[in-house]
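Novice: Spelled out, the chains give:
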Amino acid sequence: MSAIESTPRIRSAPPAWGSLPMRAFFHQWLLDPNPRGNYQAAIDRFVALLIIANLFALVLEGVPAIHDPYKKWFHIFDIFSVVVFTVEYLTRLYLAPEDEEFRRGAFPRWNYVRSPFAVIDLIAILPFYLAAFIAVDLRMLRALRLLRIFKILRVLLPAYREFQELNRGRSFRQKVHALVWPSAYGGQLHEFFDTFIMVWVVSVLAVVLESVLAIHYVLNLEFVILDIVAVGVFTMEYLLRMYSVVESEGHRHPVVGRLNYASSGNAIIDFLAVIPFFLEAFLHHLFDLRFLRVFRLLRLLKLTKYTGATSTMFVVIKREWPVMAGAGFIMLLLVVLTASLGYLFEHEAQPDKFENIPQAIYWAVITLASVGYGDISPVTPTGRVMTIILALMGIGIFAIPAALLSSAFSDQLRIERERLANELYSMLADGQISEEEQEIIDREAKRLHLSNYEVQRLIERAHRERELKDNHTGLSITKLVERPEVAIERYREMLGQMRQIALLVDAQAMDRLIDDPDRTR
Amino acid sequence: MESEAVKLFRAADAAFLVVLAAALCLVFYVGRVGYHEASLTEAAKANAEVLRLWFDKLAQAHAQGQPTPLEDCAADGEKTWEQCRKALAGADGPLHNLRNPFDPSFGVIGPKCDRTDLNTRGLLVVEKGTPAPPGTPPGVSYGPFEDSDKLTREMPARILVCDKGAYPLRVAEVKL
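Protein chains in written order, with our numbering: chain A, 1 to 521; chain B, 1 to 176.
Any given hint might turn out to be false.
Unchecked claim - Some, not all, of what chain B presents toward chain A, calculated at C-beta under 8 Å:
1) Phe9
2) Phe16
3) Val18
4) Leu24
5) Val30
Claimed, not checked - The list that follows gives simulated cross-link-like pairs (lysine to aspartate or glutamate, DMTMM-like), each with its CA atoms no further than 20 Å apart:
6) Lys164/B with Glu210/A
7) Lys164/B with Glu222/A
8) Lys175/B with Asp72/B
9) Lys45/B with Glu210/A
10) Lys164/B with Glu49/B
11) Lys112/B with Glu173/B
12) Lys164/B with Glu82/B
13) Lys45/B with Glu222/A
14) Lys164/B with Glu154/B
15) Lys175/A with Asp13/B
Unchecked claim - If you anchor each label on the Cβ, the simulated ranges turn out as follows:
16) Glu71/B with Val294/A: 44 to 52 Å
17) Asp117/B with Ala391/A: 47 to 55 Å
18) Asp13/B with Ile225/A: 29 to 37 Å
19) Ala21/B with Gln359/A: 22 to 30 Å
20) Asn266/A with Ala12/B: 17 to 25 Å
21) Ala15/B with Arg36/A: 38 to 46 Å
22) Glu423/A with Ala12/B: 21 to 29 Å
23) Arg115/B with Val59/A: 29 to 37 Å
Hints are computed from structural coordinates only; laboratory data are not their basis.
The C-beta atom is built at its ideal place from N, Cα and C for all residues, glycine as well.
Same shape as in the complex, but just chain A:
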């Protein structure tokens, strides 16, 4: 067995082909939430996404400008969805006897068919098949297709139940906190909340499409509705966060805590995501506020709180700030110097282009940054020589901050991976990884973009180091107390060593040393 295979894991892997009867095998691979690394989570995610896509398709079908030219594709998507949902229903029906929930009783499949989720699943696909045999009004058919939304309950209800269980006996505000902030109490429902917000953040792409005149002309009202709903969602999110932030460490005070949060980067981004909507509505008669519409793109910044890469970048900038400030200062000096020289040599030859030093700064920056638009260029021989020298210098000077950031970024990633390795090392003090520790590892691995293989390598390294240390120094007293069988072994080992020492060492010399009063000084 290789070292990686022998490293600790907490949940069993799905079975190998042939190790179980086929139905049990498929159940464990496709529907059982317990085996680690099977396809259950991926299937659930795919079905959930398909339900959301169906919802969007239903909404878009109501927009003739979109539906009419792509009617065929909408129909194909509908057939695809029904096929997937039907396969899902039949698979669940076939595997029902393997399910803990349904196998009690004589007729597991009948138990499944009667279960609320199965009824919802059936309702989601039945209208499609009925329409093939019965003449159903198209509007009625669309209305029935809306029932597919209920399929989302298959994912939401268990998450809600888990959330209730995790938050039993907690206050309303604590529950709100658990829902909107990452914590041990949030469970899957918190993840759904985050996903829901992220979906709406992506709706900001409508701002990009609005700038395409032909699209905006046709879909003006739809964009307005989308914006209203997005602002509603973001306003709710902002208020929920503001209200419940006092449950977070460091924000306990009801006023100061909230003010501290309101002045944080994330809260400012959240605020900027909604405020243009209100400003434009109330003040557009007084000021030209159309530019605020572009600020709706700031909503994309909301995504930064869902990725660890951004926080790593902020850490890097903060860490390297003194060096970057130094490099920036040199750049500034160089720009001013270049602009002054440019003005000195070129002003007489091109008074319109090098009218003054501030105007020459534009040329200096474009030259030093190696952009070189070419709209302003030196014509005098001295000016050209100077430009050659400065352009070469600019390559080095302007590259410094980029190089600094890039090296600091990879260094920071290395530090964070080291930190994870150290955490793994301490987690392995008891020789195993608990479920809670595994969750921490998974979270950190996701944040640091580590593959499963890399995580296993880190675990293996920590495991080896731990073994090495244990061999040399033994377990700590605390650990020995926790594990009596190891303590007895260690005690026997130490007795044996003492006997060996007593036999091998010169007894008279040892007696003399024991009696020597200066020995302990």
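Given chain A, put chain B in place with the hints provided.
Specialist: Relative to the frame of chain A, chain B by itself:
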């Protein structure tokens, strides 16, 4: 601490829910106003579509050598834009039955969209096109029609509509 929290759905929680509901109501109200204004812009765009269809008919009539639907808009180099504009809004014109959705008193057709004058909201504006002179990159630049401008055959024009903020929205490019 935890057990203290258990029994409490405090007044502050209720107050928060009230604030949340009020905020969502505000979003709904502002959204409704925005939607209403957008609907008015849509109605103004529908007016512009009527004018666009009429210009298409005019171009078709010119191309086929048929009489123009409105004599005062004949592109014969004699008729002026003022005559044509009045005829468009006149009893036989395509804009006769149309109303400005923002306020009927604003009129239906106007000289330009002026964002400093909200009375120009919902107006239809027709701009004349001037082809680029020979030797320059091809293209047409558009500007306001003067009342005294003579209408000529194949003259490019552009239909605009003034939106809720009296900003021009391009609807179509047509030819006389």
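Novice: Now, for every hint given, state plainly whether the structure supports it.
Specialist: Structure-based check of each hint:
no.	hint	result
1	Phe9	holds, 5 Å
2	Phe16	holds, 5 Å
3	Val18	violated, 11 Å
4	Leu24	holds, 6 Å
5	Val30	holds, 4 Å
6	Lys164/B with Glu210/A	holds, 16 Å
7	Lys164/B with Glu222/A	holds, 16 Å
8	Lys175/B with Asp72/B	holds, 16 Å
9	Lys45/B with Glu210/A	holds, 16 Å
10	Lys164/B with Glu49/B	holds, 17 Å
11	Lys112/B with Glu173/B	holds, 16 Å
12	Lys164/B with Glu82/B	violated, 26 Å
13	Lys45/B with Glu222/A	holds, 15 Å
14	Lys164/B with Glu154/B	violated, 32 Å
15	Lys175/A with Asp13/B	holds, 11 Å
16	Glu71/B with Val294/A: 44 to 52 Å	holds, 47 Å
17	Asp117/B with Ala391/A: 47 to 55 Å	holds, 51 Å
18	Asp13/B with Ile225/A: 29 to 37 Å	holds, 31 Å
19	Ala21/B with Gln359/A: 22 to 30 Å	violated, 56 Å
20	Asn266/A with Ala12/B: 17 to 25 Å	holds, 23 Å
21	Ala15/B with Arg36/A: 38 to 46 Å	holds, 45 Å
22	Glu423/A with Ala12/B: 21 to 29 Å	violated, 38 Å
23	Arg115/B with Val59/A: 29 to 37 Å	holds, 33 Å
In this structure, the earlier hints numbered 3, 12, 14, 19, 22 are contradicted, and the remaining ones agree with it.
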